[in-house]
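Novice: Below, each chain spelled out in residue letters.
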Amino acid sequence: MTDTIEIRWHGRGGQGAKTAALLVADAAIATGKLAQAFPEYGPERMGAPVKAFNRISEREIRIHCAVEHPSIVLVLDETLMDSVNVLEGVPDNGTIIINTEQSADAYRQKLNFKGHIYTVNASGLAVKNIGMNKPNTPMLGALVKATSILDYKKMLDDTKHKLEKKFKNKPEVIEGNVKAIQDAYEEVKK
Amino acid sequence: MTAVTEVKQLTVARTGNEAMAEAMRQINPDVVAAYPITPATEIAQIFSSFVADGLVNTDMVTVESEHSALSATLGAAAAGARAMTATSSQGLMLMAEIMPIVAALRLPIVMPEVNRAISGPINIHCDHSDTMFCRDAGWIQIFSENAQEAYDNVLQAIKIAENPQVHLPALVTTDGFIISHGMETIKILPDDDAREYIGAYKANYSLLNHEKPITVGSIDLQNYYFEHRIPVIEAMQAAKSIIKQVGKDFGEKYGRAYDLIEKYRTDDAEAAIICLGSTAGTAKDVVDALRTKGQKVGLIKIRVFRPFPVEDLTAALSTLKAVAVFDRSDSLNGYGGPVFTEVCSALFNSAQKPKIINYIYGLGGRDIDVHQIEAVYNRLNSIKDSKDVGDIVSYLGVRK
Numbered sequence: 003m004t005d006t007i008e009i010r011w012h013g014r015g016g017q018g019a020k021t022a023a024l025l026v027a028d029a030a031i032a033t034g035k036l037a038q039a040f041p042e043y044g045p046e047r048m049g050a051p052v053k054a055f056n057r058i059s060e061r062e063i064r065i066h067c068a069v070e071h072p073s074i075v076l077v078l079d080e081t082l083m084d085s086v087n088v089l090e091g092v093p094d095n096g097t098i099i100i101n102t103e104q105s106a107d108a109y110r111q112k113l114n115f116k117g118h119i120y121t122v123n124a125s126g127l128a129v130k131n132i133g134m135n136k137p138n139t140p141m142l143g144a145l146v147k148a149t150s151i152l153d154y155k156k157m158l159d160d161t162k163h164k165l166e167k168k169f170k171n172k173p174e175v176i177e178g179n180v181k182a183i184q185d186a187y188e189e190v191k192k
Numbered sequence: 011m012t013a014v015t016e017v018k019q020l021t022v023a024r025t026g027n028e029a030m031a032e033a034m035r036q037i038n039p040d041v042v043a044a045y046p047i048t049p050a051t052e053i054a055q056i057f058s059s060f061v062a063d064g065l066v067n068t069d070m071v072t073v074e075s076e077h078s079a080l081s082a083t084l085g086a087a088a089a090g091a092r093a094m095t096a097t098s099s100q101g102l103m104l105m106a107e108i109m110p111i112v113a114a115l116r117l118p119i120v121m122p123e124v125n126r127a128i129s130g131p132i133n134i135h136c137d138h139s140d141t142m143f144c145r146d147a148g149w150i151q152i153f154s155e156n157a158q159e160a161y162d163n164v165l166q167a168i169k170i171a172e173n174p175q176v177h178l179p180a181l182v183t184t185d186g187f188i189i190s191h192g193m194e195t196i197k198i199l200p201d202d203d204a205r206e207y208i209g210a211y212k213a214n215y216s217l218l219n220h221e222k223p224i225t226v227g228s229i230d231l232q233n234y235y236f237e238h239r240i241p242v243i244e245a246m247q248a249a250k251s252i253i254k255q256v257g258k259d260f261g262e263k264y265g266r267a268y269d270l271i272e273k274y275r276t277d278d279a280e281a282a283i284i285c286l287g288s289t290a291g292t293a294k295d296v297v298d299a300l301r302t303k304g305q306k307v308g309l310i311k312i313r314v315f316r317p318f319p320v321e322d323l324t325a326a327l328s329t330l331k332a333v334a335v336f337d338r339s340d341s342l343n344g345y346g347g348p349v350f351t352e353v354c355s356a357l358f359n360s361a362q363k364p365k366i367i368n369y370i371y372g373l374g375g376r377d378i379d380v381h382q383i384e385a386v387y388n389r390l391n392s393i394k395d396s397k398d399v400g401d402i403v404s405y406l407g408v409r410k
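Just so you know, the protein sequences line up as chains A and B, in that order.
Going by our numbering, the first sequence opens with residue 3, and the numbers climb by one from there.
Going by our numbering, the second sequence opens with residue 11, and the numbers climb by one from there.
Take these hints with a grain of salt, some might be off.
The list that follows gives simulated cross-link-like pairs (lysine-lysine, BS3-like), each with its CA atoms no further than 27 Å apart [to be verified]:
#: 1; chain 1: A; residue 1: Lys162; chain 2: B; residue 2: Lys18
#: 2; chain 1: A; residue 1: Lys35; chain 2: B; residue 2: Lys263
#: 3; chain 1: B; residue 1: Lys263; chain 2: A; residue 2: Lys168
#: 4; chain 1: B; residue 1: Lys197; chain 2: A; residue 2: Lys162
#: 5; chain 1: A; residue 1: Lys35; chain 2: B; residue 2: Lys18
#: 6; chain 1: A; residue 1: Lys155; chain 2: B; residue 2: Lys197
#: 7; chain 1: A; residue 1: Lys156; chain 2: B; residue 2: Lys197
#: 8; chain 1: B; residue 1: Lys263; chain 2: A; residue 2: Lys164
#: 9; chain 1: A; residue 1: Lys156; chain 2: B; residue 2: Lys263
#: 10; chain 1: A; residue 1: Lys170; chain 2: B; residue 2: Lys263
#: 11; chain 1: A; residue 1: Lys167; chain 2: B; residue 2: Lys18
Because the hints were derived from the structure by calculation, they are not lab data.
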């Protein structure tokens, strides 16, 4: 599976980790790649730790087990890191992107991790642009900037298209999400 | 060789539930009666939005339980409608009383069903206990490996169930959450092609036809019940060749051919795993990895569990030395899983048969990974030429 990019999302129930994974797969498929997105549901509870996964490849993806060694990890809620080892299975040259007000340097001190650390205030950008703390869509912008796994413009177009379907009657939500993605793309830092 | 397809298909991102709802939209059934249950809820939920948006002409009946859902679907089908429903786990168990009646009335109802553990304890995740519980209900059972197959299988199930030689209901299953909620890349037929493929349904009999009145659900005692069960039995036997034909035609038309079983790299294999559903995809990757190391391993996926593909399986197994049957449920029979016992019984009269062991795995959604599957192949390689196979039934991935 070396030619397959594997991603793990960490969040809490209600933050949209699963939706973010679905949007990444959708955007990847829209750009001609093959992709999977799937959640790891525990109990169906708001606030409980949840994981979601992506696989992106140029070839057919047949495997249907959990992702063990993601090269990219996204953390939607930094308080999870007290109880969940978000770096489990991540290789030394992997990438972690954290939703936090803190700098990447601050996390470099805290985490025993040789790979790439990025931070972005996705919650702040969500509150500013969407009016509520839904950090999942801004994390898409951060992901694409940090890893270049998808074409930025195509991802933005596809996500906008998907949101237009979902929020037919709430144009302000679509606009806010797109702006939040754009801001996160600009603001994510190493 | 796969025939070159002329039909321009759309490549889209869909979860298993979305894929099945999409197939239902294209089928445009006359009646859908449904009751929600995790993880199948989305199928009827998405379909109900198609109804609300006017994309289908279906009469959507919301009912108060799964027992009512299948009863209403039965009633609609008896009236001559193309009728569907969808469910999972406890919902299927609540339908269990009605399921054999649908089969005996020869009503070609197609039901997407998401494989989920049965209570107790309560668990919403994947295993095959629900579907296996209903394996003797007279329904065709088709298992899907991924979202693509879920879509293709629902379309084909209509052709199979409504075939005059079959006229039996069909379950099309996906693995709960793994496929039902997992998004994948799939190809779907353009609406016009799908509708042309499905065609119109004209029931032979209708409760509503005053010109040709019929009785449905009559009593039938010692003098005729036995005779009236025989056509049901014969229809299930006849379904095998129809399923093969429909799968072959689908391949010729759309480039994806299907059969009762799928053999993956078994031609020169000595050891093989038999499994159903999403695990087959993971196992194929393991087979490829072991093949690069020179190991003669393969995989047999049982796509259709009912009717049970006895002839195809015994032929496929005749050249193998050792086989592990994977069961995602236990029969609680004090011996092993349902797939294992049926494979063994199929092989009993064969002159050429492999050593055979059983693994119960993945109950309640326990993940099955490549390392576990690889370990089973290693064991098969070690027992294929030895006299003793060791434990016949083992439990994979359970803590002691």
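Novice: Work down the list of hints and note, for each, if the structure agrees.
Specialist: A quick look at each hint next to the structure:
{"no.": "1", "hint": "A/Lys162 - B/Lys18", "verdict": "holds, 26 Å"}
{"no.": "2", "hint": "A/Lys35 - B/Lys263", "verdict": "holds, 25 Å"}
{"no.": "3", "hint": "B/Lys263 - A/Lys168", "verdict": "violated, 33 Å"}
{"no.": "4", "hint": "B/Lys197 - A/Lys162", "verdict": "holds, 22 Å"}
{"no.": "5", "hint": "A/Lys35 - B/Lys18", "verdict": "holds, 18 Å"}
{"no.": "6", "hint": "A/Lys155 - B/Lys197", "verdict": "holds, 24 Å"}
{"no.": "7", "hint": "A/Lys156 - B/Lys197", "verdict": "holds, 20 Å"}
{"no.": "8", "hint": "B/Lys263 - A/Lys164", "verdict": "violated, 31 Å"}
{"no.": "9", "hint": "A/Lys156 - B/Lys263", "verdict": "violated, 32 Å"}
{"no.": "10", "hint": "A/Lys170 - B/Lys263", "verdict": "violated, 36 Å"}
{"no.": "11", "hint": "A/Lys167 - B/Lys18", "verdict": "holds, 24 Å"}
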